[in-house]
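Enquirer: Here's the letter readout for the chains.
Protein chains: 2
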Amino acid sequence: MVTEFAQIEVKPGMESAFIAGAAKSRSLFLAAEGCFGMGVQRSVEEPHKFLLMAQWESVDDHMVTFRESPAFQEWRDNVGHCFAAPPVVWHGQTVI
Amino acid sequence: MVTEFAQIEVKPGMESAFIAGAAKSRSLFLAAEGCFGMGVQRSVEEPHKFLLMAQWESVDDHMVTFRESPAFQEWRDNVGHCFAAPPVVWHGQTVI
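So the sequence lines, in the order shown, correspond to chains A and B. If you're matching positions, the first sequence starts at 2 in my numbering and goes up one per residue. If you're matching positions, the second sequence starts at 2 in my numbering and goes up one per residue.
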């Protein structure tokens, strides 16, 4: 099990559109092979910055199976126009 | 309720010492006023990078009450020597 962390910076004024698009996309993640959860945090200090966290069975379930699926394209169609920059994506494993 | 995110980069070779020090410190967080949980993720892609996540009742419970307490000093005594750079700390609120 790994957690995907996607740091997403949103264009000024697009915060609500991003949240709506991400909420609409949650079911795409939950229906994806190997995905067990998805949520989004918004920065208190810099409210145009968000952190998507999704739980996957493996890095490949996210980076290969999901990214090559139509669901990934749909996710990007829902929120991509809100991005101020390409998201910074990494994966974490629980150590504590 | 807010989540503290502390991005921590550890000196080469100090990864195990950091994990041990953070594990030992978990009880300091859990005993702190307004703290509801603490965990640490390790990056798959860059294993010297970690993300501490702690749940707090408020930003002040973390940044004022905890940071000014002896428990914070104990936490830093347990892990500070492992840091390659000052941690990058921010707080998030759940939007999805």
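Derived from the structure by calculation, the hints contain no laboratory data. Just so you know, these numbers come straight off a predicted model, no measurement behind them. Any given hint could turn out to be false.
Same chains, same label: a pair holds when it works inside one copy or across any pair of copies.
Said to hold, decoys possible - Below, computed lysine to any residue pairings styled on SDA-like, alpha-carbon distance capped at 20 Å:
{"hint": "1", "residue 1": "Lys25", "residue 2": "Gln94"}
{"hint": "2", "residue 1": "Lys25", "residue 2": "Ser59"}
{"hint": "3", "residue 1": "Lys25", "residue 2": "Gly40"}
{"hint": "4", "residue 1": "Lys50", "residue 2": "Gly35"}
{"hint": "5", "residue 1": "Lys12", "residue 2": "Ala32"}
{"hint": "6", "residue 1": "Lys12", "residue 2": "Glu34"}
{"hint": "7", "residue 1": "Lys50", "residue 2": "Trp91"}
{"hint": "8", "residue 1": "Lys12", "residue 2": "Pro88"}
{"hint": "9", "residue 1": "Lys25", "residue 2": "Ile97"}
{"hint": "10", "residue 1": "Lys50", "residue 2": "Cys36"}
{"hint": "11", "residue 1": "Lys50", "residue 2": "Val65"}
{"hint": "12", "residue 1": "Lys25", "residue 2": "Val45"}
{"hint": "13", "residue 1": "Lys50", "residue 2": "Ala7"}
Enquirer: Determine for every hint whether it applies to the structure shown.
Expert: Going down the list of hints, with the structure as the test:
1. Lys25 to Gln94: Classified as between; 19 Å across copies, 27 Å inside a copy.
2. Lys25 to Ser59: Answer is neither; intra-copy 24 Å and inter-copy 28 Å both fail.
3. Lys25 to Gly40: Within one copy only: 12 Å inside a chain, 29 Å across chains, cut-off 20 Å.
4. Lys50 to Gly35: neither (27 Å within a copy, 25 Å between copies)
5. Lys12 to Ala32: Cα proximity of Lys12 and Ala32: none, with 28 Å in one copy and 39 Å across.
6. Lys12 to Glu34: neither (31 Å within a copy, 36 Å between copies)
7. Lys50 to Trp91: Both. Shortest intra-copy (16 Å) and inter-copy (11 Å) distances satisfy the 20 Å Cα cut-off.
8. Lys12 to Pro88: Within one copy only: 12 Å inside a chain, 26 Å across chains, cut-off 20 Å.
9. Lys25 to Ile97: So Lys25 and Ile97 pass the 20 Å test across copies only (10 Å; inside, 32 Å).
10. Lys50 to Cys36: Neither: 23 Å inside a copy, 24 Å across copies.
11. Lys50 to Val65: So Lys50 and Val65 fail the 20 Å test inside a copy (26 Å) and across (23 Å) alike.
12. Lys25 to Val45: neither (23 Å within a copy, 28 Å between copies)
13. Lys50 to Ala7: both (11 Å within a copy, 15 Å between copies)
The structure fails hints 2, 4, 5, 6, 10, 11 and 12 (numbered hints given earlier, in ascending order).
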